[in-house]
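J.: The primary structure of each chain is shown beneath.
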Amino acid sequence: MDGTRRNFLKTAATAAGAAATPGLAQAQSDGQVQGNAHQTVPSDLTLRVKSLESLLVEKGLVDRAALDALVDTFENKVGPRNGARVVAKAWVDPTYKQRLLADPDRAIAELGYGGQQGEHMIVVENTPAVHNMIVCTLCSCYPWPVLGLPPVWYKSAPYRSRSVIDPRGVLREFGLELSDDVEVRVWDSTAELRYLVLPERPAGTEGLSEDALAELVTRDAMVGVAKVLPSKQGAKG
Amino acid sequence: MNGVHDMGGMQDFGPIRPERNEPVFHARWEGRMQAIWSALGTWGKWNLDFSRQTREFLPPAVYLALNYHQLRYAQVVELLAGSSLATRAEIETGRPAKGTQKAAPPLTAAKVPAWFANGNPKRRDVAVAPTFKAGQRVRARNINPATHTRLPRYARGKFGIVEQDHGVFVFPDTNAQGLGEKPQHVYSVRFAARELWGEQAKPRDNVVVALWDDYLEPA
Chain G
1 MDGTRRNFLK TAATAAGAAA TPGLAQAQSD GQVQGNAHQT VPSDLTLRVK
51 SLESLLVEKG LVDRAALDAL VDTFENKVGP RNGARVVAKA WVDPTYKQRL
101 LADPDRAIAE LGYGGQQGEH MIVVENTPAV HNMIVCTLCS CYPWPVLGLP
151 PVWYKSAPYR SRSVIDPRGV LREFGLELSD DVEVRVWDST AELRYLVLPE
201 RPAGTEGLSE DALAELVTRD AMVGVAKVLP SKQGAKG
Chain Y
1001 MNGVHDMGGM QDFGPIRPER NEPVFHARWE GRMQAIWSAL GTWGKWNLDF
1051 SRQTREFLPP AVYLALNYHQ LRYAQVVELL AGSSLATRAE IETGRPAKGT
1101 QKAAPPLTAA KVPAWFANGN PKRRDVAVAP TFKAGQRVRA RNINPATHTR
1151 LPRYARGKFG IVEQDHGVFV FPDTNAQGLG EKPQHVYSVR FAARELWGEQ
1201 AKPRDNVVVA LWDDYLEPA
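Chains as they are written, first to last, in this note's numbering: chain G, 1 to 237; chain Y, 1001 to 1219.
Source of the hints: derived by calculation from the structure; they are not laboratory data.
Please note: incorrect hints may appear among the correct ones.
Straight line, CA to CA, 20 angstroms or less: simulated DMTMM-like cross-link-like pairs of lysine to aspartate or glutamate [to be verified]: (1) K1098(Y) with E183(G); (2) K1202(Y) with E183(G); (3) K1133(Y) with E1022(Y); (4) K1098(Y) with D68(G); (5) K1045(Y) with E183(G); (6) K1111(Y) with E119(G); (7) K1111(Y) with D166(G); (8) K59(G) with E1092(Y); (9) K1202(Y) with D166(G).
Pulled a few chain Y residues facing chain G out of the computed Cβ check, cut under 7 angstroms [claimed, not checked]: (10) M1007; (11) G1009; (12) W1029; (13) K1133; (14) G1198; (15) K1202.
Note that the structure is predicted; figures quoted are calculated from it, not measured.
Idealized CB from N, CA, C, for every residue including glycine.
Extracted from the complex, chain Y is given alone in its bound form (with noise of 0.2 angstroms):
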């Protein structure tokens, strides 16, 4: 979706202003918010692609409005209510609707080493042939899909070189639609930084972008 979350390129955002001694969570409540976003994944009810669907879904006022963490309660409330595991009612009130079944919840205290350990990887280990190889000059498509897509605008219709071939990985455009993971292979792409922005660029300047297959056209 060409929404506001796509920033790569936009200026007039001001100063960048880093913190220093930057404490992890500035409230608790961001702390929480972090964890129970982390927890709630582990019920396995929506995918990453779907997830930050839902955050790039989001109204675009909102979605610059909000802090990180902001965004997250935002996005976690659409999240439980889609899927059912609670509902606008119980989220607004914070008490479980009547006759509410306890659940037993996947993730304990004692499974978080190895749930963090393990991860969540995204490559796959299947027979996918790649359509390009290193070296080789791709035009990233022009696409504008209304739904989630991890190429950002400013790459699309531009000339890059694959640099690198990163094997098979989950495909997020299908993913987060539930339409499979449509398994493919990501490259490194390297953009001349002018192809992209033209003479303002410097000349040596490059911009590497991971691209899947499917974003990929020869040139």
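So that you can see chain G by itself, here it is in the shape it has in the complex (with noise of 0.2 angstroms):
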């Protein structure tokens, strides 16, 4: 990168730096970086965005409409509820569950799922002996078609950084104490591979429906920070 470039970035950083200080000082307060620095979020940036989005709309560069479709498929097309539907499926028909890890995107797009940060996917199944775990130390990468938008902590410095060097007290943390029996497994999303968590059905629900089932299923069992518990009391997340 040349002098140049790094002077320009530079400008642009300082006018969303500057919005975003009295963020900073909340985080730092917080002992905390990049967490949930959005309970503070500046006036400004409300008032940046919206001059931003007349701005292109005027150019014509963006398709107002087009934004609500965007907001109304990440707030309501897609989401873990998508997800859970293929564990439920996989948990009540063995052989969906084989396709589901032999051929994922092929046995996800069988319930209508796919897109978007979720063309090349991966599902690692958890088993007594092993315990999968995704993060994307490089980013936030997610799969959005089954678990929609990542929550700020999958994007927070805090869990990006950890989930590598120290998964299990990442996963104490999420209340999940493993054995040192078992292998954690942890999925870096470094390349265009977007991964999903096959949890393990959880015993005393072999009466329930595939319905009842999915509603077990929580976004953070399928990212692996969670188990799956056999009564909705239980699930968060």
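Once you've looked at the hints, go ahead and assemble the two chains, each given alone in its own frame, into the complex.
T.: So, in structure tokens, the structure goes:
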């Protein structure tokens, strides 16, 4: 990178950085960087994004109705309910499970899911011997079609940094203590592969329908930071 | 680039703090920013890897201070100004420069479902021979490019086992530089946690990193 480009980038970053300074102060007082600083997002960014949107609409670079449709997609069309359906089907249908593990893109498409940030899926199965968990240490890669947009903690520095070096410590923070006999296998989303954890079906759910099982499957279990619990009381995330 | 975005293995960032019943967006502007970024991508003025590099080139202190959506704003400003879709003056004022001709946006509301469903596949249907095969012992190269790479620092120089060949994909390091897609095989490479972190790691634990051919050498 040449000096011109560096200076060029610094100018723009200063604008965004200045806008975020109150957030930074809050993050530092929390002892956490790039975590839940969104709670103190400066009003300035509200204005900046509004101004950017109106500029782009006026220039004909974006279509306002398309932005509405995109927001609707992210808020309502994708999300962990999709992934939960995939998991529940795999639990009740052994041939589907085989297809899901062997050719995840096609098996997920059977339920009508797929697309942006889920073009190349890998499904990893948790067993009594292996516990899988997913991270993106370099940015925030996440399987949108089946899980939606990632939660703040997944994108935060604490999770991205520590998942690979101290996965058991991270799991403990989510309330999951694993025995040393269990292999913890962390998948870092460095390439364009996106991962979905197929959690273990909890004991005591033999009588439940596929729909009822899907209700039990949480986002956290499909990222691999939790197990699926046998009743909804315990389900969270 | 050995930047602060390459966080794997860093410590002392604090607790993780999941939020219960977290909304998809915490404020309206976050959703608009996510949508603007997606819509602008359809102009094809930059590829995913260049876009990531732009974010990684933000000054380290700024990168760490901004949350995900704030970072997106800073990234989009750079991408717009760098691609001549909009000037900094226009972004500052929120108004098109005098005499600007109105363009026709490639992504309309009617096209959003297809845009999402079609995705942006990075696998390439070209005949490229794999250098490695499943079961083979490999070493992640010790490379330190000053530009975009997806080989995380914590894996460099470490020994691992190829678990699976996923086929041929666009190579980020050249694609980000505008030097072409250089399609090549991507493998799941399993590194023992102890190989990466020493005795403090549990003996059974592993980290699987998806790595391109050019990141690996035989071992």
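J.: For the pair supplied as a hint, K1202(Y) and E183(G), is the alpha-carbon distance within the 20 angstroms limit?
T.: Measuring from Cα to Cα gives roughly 9 angstroms; hence the hint holds.
J.: With chain G as the partner, please determine if M1007(Y) meets the hint condition of a C-beta pair closer than 7 angstroms.
T.: holds (4 angstroms)
J.: Check whether the Cα positions of K1045(Y) and E183(G) lie no farther apart than 20 angstroms.
T.: Violated, at about 44 angstroms.
J.: Within a Cα-Cα threshold of 20 angstroms, do K1133(Y) and E1022(Y) meet the stated pairing?
T.: violated (42 angstroms)
J.: Quick one, is the G1198(Y) hint okay against chain G at 7 angstroms, beta carbons?
T.: violated (10 angstroms)
J.: Is the hint on G1009(Y) kept, meaning its closest Cβ partner in chain G is under 7 angstroms away?
T.: holds (5 angstroms)
J.: Measure nothing beyond the straight line between the CA atoms of K59(G) and E1092(Y); if it is 20 angstroms or shorter, mark the hint as holding.
T.: At roughly 14 angstroms apart (the allowed maximum being 20 angstroms), E1092(Y) and K59(G) satisfy the hint.
J.: For the pair supplied as a hint, K1098(Y) and D68(G), is the alpha-carbon distance within the 20 angstroms limit?
T.: Given pair K1098(Y), D68(G) is violated - Cα atoms ~28 angstroms apart, limit 20 angstroms.
J.: Could you grab the alpha-carbon distance between K1111(Y) and E119(G) and see if it respects the 20 angstroms cut-off?
T.: With a Cα-Cα distance of about 18 angstroms, the restraint between K1111(Y) and E119(G) holds, given a limit of 20 angstroms.
J.: Can the restraint linking K1202(Y) and D166(G) be considered satisfied, given a maximum Cα separation of 20 angstroms?
T.: Given pair K1202(Y), D166(G) holds - Cα atoms ~9 angstroms apart, limit 20 angstroms.
J.: Measure nothing beyond the straight line between the CA atoms of K1098(Y) and E183(G); if it is 20 angstroms or shorter, mark the hint as holding.
T.: Judged against 20 angstroms, a Cα distance of about 63 angstroms means the pair is violated.
J.: Holds or violated: the hint that K1202(Y) contacts chain G, with Cβ atoms closer than 7 angstroms.
T.: K1202(Y) check passes; min Cβ-Cβ to chain G is 6 angstroms, inside 7 angstroms.
Hint check: violations occur at hints 1, 3, 4, 5, 7, 13 and 14; the rest are consistent with the structure.
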